[in-house]
Amino acid sequence: MHQQFKECIEECLACMTECNHCFDACLKEEDVKMVAECIRLTRECADICSFAATAMASGSQFSSQICQLCATICEACATECEKHAHHHEHCKKCAESCRKCADACRKMAS
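Its first residue numbered 1, the sequence shown is counted upward by one per residue in my numbering.
Take the hints with a grain of salt, since some may be wrong.
Quick list of in silico lysine-lysine cross-link-like pairs, DSBU-like style, CA-CA up to 30 Å [claimed, not checked]:
1) LYS6 with LYS100
2) LYS28 with LYS107
3) LYS100 with LYS33
4) LYS6 with LYS92
5) LYS107 with LYS33
6) LYS28 with LYS83
7) LYS92 with LYS107
8) LYS93 with LYS33
9) LYS100 with LYS83
10) LYS93 with LYS6
What follows is a list of derived Cβ distance ranges for each label pair [stated by the list, open to error]:
11) GLY59 with GLU96: 27 to 33 Å
12) ASP24 with ALA57: 21 to 27 Å
13) LYS6 with ASP31: 38 to 44 Å
14) ASP31 with GLY59: 40 to 46 Å
15) LYS6 with ALA36: 31 to 37 Å
16) LYS107 with GLN61: 15 to 21 Å
17) GLU96 with LYS33: 40 to 46 Å
18) HIS86 with GLN61: 41 to 47 Å
It should be emphasised that the hints constitute simulated quantities derived from the structure, not laboratory data. Idealized CB from N, CA, C, for every residue including glycine.
Required output: the full structure, derived from the provided sequences and hints.
This is how it looks when you write it as structure tokens:
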């Protein structure tokens with residue numbers, strides 16, 4: 001089963017990494033209030049990506065549902081990060097990774 005989920009697991013872990021990087025970089029911004037929602041969503045997205053990767057790797061019977069939720073949160077995070085992408089490279093990279101992860105998770109959930 002692990003092989004079946006390999007691509008999605010990799011996308012989830014990559015997204016988790018980008019979200020954590022974006023989260024940390026946003027905390028260091030001069031105007032943290034401007035990126036407050038980005039901070040909140042990147043934290044939540046990193047958590048669900050980690051959880052989804054673990055669920056798939058362990059063959060959870062709930063992997064499809066978890067992947068669907070992960071895709072939804074990744075899309076929300078990408079949308080928020082895109083609002084800041086023209087000013088912050090870390091937000092741009094995070095949004096791109098979130099979109100890729102959402103696509104991979106939707107494929108797994110279907």
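Distance restraint between LYS93 and LYS33, which requires alpha-carbon spacing of 30 Å or less: This hinted pair holds, its Cα atoms lying about 21 Å apart.
Check: Is the straight-line distance between the alpha-carbon of LYS92 and that of LYS107 30 Å or less?
Finding: 23 Å, holds
Q.
Against the 30 Å threshold, does the CA-CA distance of LYS100 and LYS83 hold or violate the hint?
A. 18 Å, holds
Exercise for the section: Using the Cβ atoms, figure out if LYS6 sits within 31 to 37 Å of ALA36. Expected result: About 35 Å separates the Cβ atoms of LYS6 and ALA36, which means 31 to 37 Å holds.
**Message:** For a C-alpha distance cap of 30 Å, please report whether LYS107 and LYS33 respect it.
**Reply:** 35 Å, violated
ask   = Between ASP31 and GLY59, does the beta-carbon spacing fit 40 to 46 Å?
value = 44 Å, holds
Check: Quick one, are LYS100 and LYS33 close enough, alpha carbons at most 30 Å?
Finding: 27 Å, holds
When you take the CB atoms of GLU96 and LYS33, is the distance between them in 40 to 46 Å? Violated, since GLU96 and LYS33 (Cβ atoms, about 25 Å apart) do not stay within the stated range.
Practice problem: Go ahead and decide if the range 38 to 44 Å is satisfied by the Cβ distance of LYS6 to ASP31. | Solution: Given about 40 Å between the Cβ atoms, the range holds.
- Query: Do GLY59 and GLU96 keep their Cβ atoms within the hinted range of 27 to 33 Å?
  - Reply: Roughly 29 Å apart at Cβ, these two residues keep to the hinted range, so it holds.
Query raised in the report: Keeping to a limit of 30 Å between CA atoms, is the pair of LYS6 and LYS100 held or broken?
Result: Given pair LYS6, LYS100 holds - Cα atoms ~14 Å apart, limit 30 Å.
Using the Cβ atoms, figure out if LYS107 sits within 15 to 21 Å of GLN61. 18 Å, holds
Checked against the numbered hints listed earlier, the structure breaks hints 2, 5, 17; every other hint is satisfied.
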